[in-house]
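Undergrad: Just so you know, we're using the numbering used here here: the sequence shown kicks off at 3 and counts up by one.
It is worth saying that the hints were derived from the structure and are not from the lab.
Quick caveat: nothing in here was measured; it's all calculated off a predicted structure.
Heads up, the beta-carbon is just placed ideally off N, CA and C, and yes, glycines get one too.
One or more of the hints may lead you astray.
[What the hints assert, rightly or not] Under the rule of at most 27 Å between Cα atoms (straight-line distance), these lysine-lysine pairs were calculated in the DSSO-like manner:
| id | residue 1 | residue 2 |
| --- | --- | --- |
| 1 | K48 | K78 |
| 2 | K48 | K60 |
| 3 | K78 | K60 |
| 4 | K136 | K86 |
| 5 | K31 | K17 |
| 6 | K49 | K211 |
| 7 | K60 | K17 |
| 8 | K118 | K149 |
[What the hints assert, rightly or not] Just the calculated beta-carbon pair ranges, DEER-fashion:
| id | residue 1 | residue 2 | range |
| --- | --- | --- | --- |
| 9 | K39 | Q89 | 47 to 55 Å |
| 10 | K57 | R152 | 36 to 44 Å |
| 11 | N30 | M178 | 18 to 26 Å |
| 12 | K86 | L6 | 47 to 55 Å |
| 13 | P121 | T21 | 42 to 50 Å |
| 14 | A10 | G58 | 21 to 29 Å |
| 15 | R101 | E151 | 19 to 27 Å |
| 16 | V221 | P124 | 15 to 23 Å |
| 17 | E59 | F155 | 43 to 51 Å |
| 18 | G58 | V221 | 45 to 53 Å |
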Amino acid sequence: DGWLGAIAAKITRCKVVRTRHLQTPITNKFSYNISDKVVTDSHFVKKALKEQGVKGEKIVTIHTGVNIREFNPHVKPQLRQELKLDQEAILIGMSAVFRYAKRHDLLVEAVHKLQKLYPHLPLYLVFIGTGPQKKVVEKQVKLLKMKEERVVFLGHRKGIPYLLVDLDICVLPSEMEALGTAIIEASACSVPIVGSSAGGIPEVVLHGKTGMVFESGNV
3 DGWLGAIAAK
13 ITRCKVVRTR
23 HLQTPITNKF
33 SYNISDKVVT
43 DSHFVKKALK
53 EQGVKGEKIV
63 TIHTGVNIRE
73 FNPHVKPQLR
83 QELKLDQEAI
93 LIGMSAVFRY
103 AKRHDLLVEA
113 VHKLQKLYPH
123 LPLYLVFIGT
133 GPQKKVVEKQ
143 VKLLKMKEER
153 VVFLGHRKGI
163 PYLLVDLDIC
173 VLPSEMEALG
183 TAIIEASACS
193 VPIVGSSAGG
203 IPEVVLHGKT
213 GMVFESGNV
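Let the sequences and hints guide you as you build the complete structure.
TA: See the structure below:
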């Protein structure tokens, strides 16, 4: 699509603006350099593109935004009611497609350790989303012999704000992430954030100010 857009623009003498919302390496700098502007969703991605040969003067960073009419702390919470849990339950959640780079497995391992360290605490792990790694994570939960009622797989859902607002902590443990829209959404709902140091996540989570950042890969 980048090549087609750039060629069509040159033929018709239109300006073309290309976007880049991925941390993965590009395959060819030329298709970016013949664009008039390239918009990245984080300074991290902008720096990576420059290092791969895209002209710096063409690149502009515009961080992803969320609709705060939709994502805000005043929406009616539904998650605890759905799961039949009271306010004493501690909900640690993650909203992301089940892909390996998102590292759901790290969060499972971390919560497993917490549940063993603090058996008296009503700790629950909630996953919002689906994807190719979902069965792998479900198998991990069984291998660790975690209580199945304490690990909830909600699957693909609509009405995400009504679920996020009920979380006590939202975690994004990715090893590769251009920015992390899910944690911007959770922040807009006033949910405390824990994010990895990968990619553009530290641009969203300012350690000790708007959340906590941990070393990527460190359970």
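Undergrad: If a hint holds in the structure, say so; if it does not, say that too.
TA: Hints and how they fare:
{"no.": "1", "hint": "K48 - K78", "in the structure": "38 Å, violated"}
{"no.": "2", "hint": "K48 - K60", "in the structure": "10 Å, holds"}
{"no.": "3", "hint": "K78 - K60", "in the structure": "43 Å, violated"}
{"no.": "4", "hint": "K136 - K86", "in the structure": "24 Å, holds"}
{"no.": "5", "hint": "K31 - K17", "in the structure": "18 Å, holds"}
{"no.": "6", "hint": "K49 - K211", "in the structure": "24 Å, holds"}
{"no.": "7", "hint": "K60 - K17", "in the structure": "12 Å, holds"}
{"no.": "8", "hint": "K118 - K149", "in the structure": "11 Å, holds"}
{"no.": "9", "hint": "K39 - Q89: 47 to 55 Å", "in the structure": "48 Å, holds"}
{"no.": "10", "hint": "K57 - R152: 36 to 44 Å", "in the structure": "51 Å, violated"}
{"no.": "11", "hint": "N30 - M178: 18 to 26 Å", "in the structure": "20 Å, holds"}
{"no.": "12", "hint": "K86 - L6: 47 to 55 Å", "in the structure": "51 Å, holds"}
{"no.": "13", "hint": "P121 - T21: 42 to 50 Å", "in the structure": "47 Å, holds"}
{"no.": "14", "hint": "A10 - G58: 21 to 29 Å", "in the structure": "25 Å, holds"}
{"no.": "15", "hint": "R101 - E151: 19 to 27 Å", "in the structure": "26 Å, holds"}
{"no.": "16", "hint": "V221 - P124: 15 to 23 Å", "in the structure": "22 Å, holds"}
{"no.": "17", "hint": "E59 - F155: 43 to 51 Å", "in the structure": "46 Å, holds"}
{"no.": "18", "hint": "G58 - V221: 45 to 53 Å", "in the structure": "37 Å, violated"}
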